[in-house]
Amino acid sequence: MPTLQGKVAIISGSSGGIGAAIARELSHRGARVVINYPFTSEKEKADAVLSTLEGPAGSITVEADLSSATGPSKLVEAAVERFGTIDILVNNAGISAPLDIRHADLDECLSAWDSMAVLNGRGTLLLTRAVLKHLAKQNSRIINICSTTSRNPEPAISLYAGTKGMIESFTRCWARDLPREYGCTVNTVAPGPVATEHVLSAPAHILEILRRTSEGTPVAPRMAYPSEVAWIVATLCDKQAGWLNGLYIPVAGGSTLS
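Heads up, the sequence shown is in this note's numbering, so the first residue is 1 and it goes up one at a time.
In case anyone wonders, no lab produced these hints; they're calculated from the structure. Check the hints yourself; a few may be wrong.
[What the hints assert, rightly or not] Beta-carbon label-pair distances, calculated as ranges:
| id | residue 1 | residue 2 | range |
| --- | --- | --- | --- |
| 1 | Gly-183 | Glu-208 | 43 to 49 Å |
| 2 | Pro-2 | Tyr-248 | 25 to 31 Å |
| 3 | His-28 | Ser-73 | 25 to 31 Å |
| 4 | Cys-173 | Arg-211 | 34 to 40 Å |
| 5 | Leu-200 | Ser-111 | 23 to 29 Å |
| 6 | Asp-107 | Trp-243 | 43 to 49 Å |
| 7 | Thr-85 | Tyr-225 | 28 to 34 Å |
| 8 | Phe-39 | Arg-176 | 34 to 40 Å |
| 9 | Ile-101 | Thr-3 | 41 to 47 Å |
These numbers come from a predicted model, not from an experiment. Ideal Cβ positions, reconstructed from N, Cα and C, are used throughout, including at glycine.
Could you put the whole structure together from the sequences, leaning on the hints where they help?
Now the structure itself:
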């Protein structure tokens, strides 16, 4: 029997990359999933992900821009209207903008910080807040997708790393505050470099940084595959993972070892 049969999962930012892989894995394990995309231009990609799901019928796509103040509640309302309750929330939506504050001008710094802080930080906060009253009160899960950069930053990535540090702090606080009232656990999954389409199309100097990081990875000289991140997320959703709470789990092949 699929381990997540009967569960409903929202995965923010799931029209591609890691989010899409998580949606596929949760569906494969029996969950009905809510695939989120931010703009109409992304609908075709979200529909393509939906068409590849191997699990039960009934999964949906929802357009909601989580960088807006109303986007998170819009996403939750659409999910609740369809399914009535939510068992799993995966806060995956996020953006990165590598920027060296030593050389960027003030306007560049402010623009990059504002866009990342609003989506990565505030979006995670507001989506979690919106979903709480709709969580199933037993064996529900909140999983925040962070990044190893919050603890092991690459060059010129301090702004992005700072917003991911917010998410790690949210996890630690919510893992204390929420479980008894909402019947949930709260954990962080922190990928290192992941071979998504977005990452592989990055500028050459960014790819060179990632190549150097990958070459030093103890397990193998490569980036993670999205499916490897999805596997640990789905495993945290299993009933047997109910005593795992407040964790920071790097998915990086040991590249964070000092």
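Now for the hints, and whether the structure bears them out:
1. Gly-183 - Glu-208: 43 to 49 Å: Cβ of Gly-183 to Cβ of Glu-208: about 46 Å, so the range 43 to 49 Å holds.
2. Pro-2 - Tyr-248: 25 to 31 Å: 28 Å Cβ-Cβ, so the 25 to 31 Å window holds.
3. His-28 - Ser-73: 25 to 31 Å: Given about 29 Å between the Cβ atoms, the range holds.
4. Cys-173 - Arg-211: 34 to 40 Å: 36 Å, holds
5. Leu-200 - Ser-111: 23 to 29 Å: Holds: the Cβ-Cβ distance is about 25 Å, inside 23 to 29 Å.
6. Asp-107 - Trp-243: 43 to 49 Å: At roughly 48 Å between Cβ atoms, Trp-243 and Asp-107 fall inside 43 to 49 Å, so the hint holds.
7. Thr-85 - Tyr-225: 28 to 34 Å: 32 Å, holds
8. Phe-39 - Arg-176: 34 to 40 Å: 35 Å, holds
9. Ile-101 - Thr-3: 41 to 47 Å: For Ile-101 and Thr-3 the Cβ distance comes to about 44 Å; the hint holds.
Hint violations for this structure: none, all hints satisfied.
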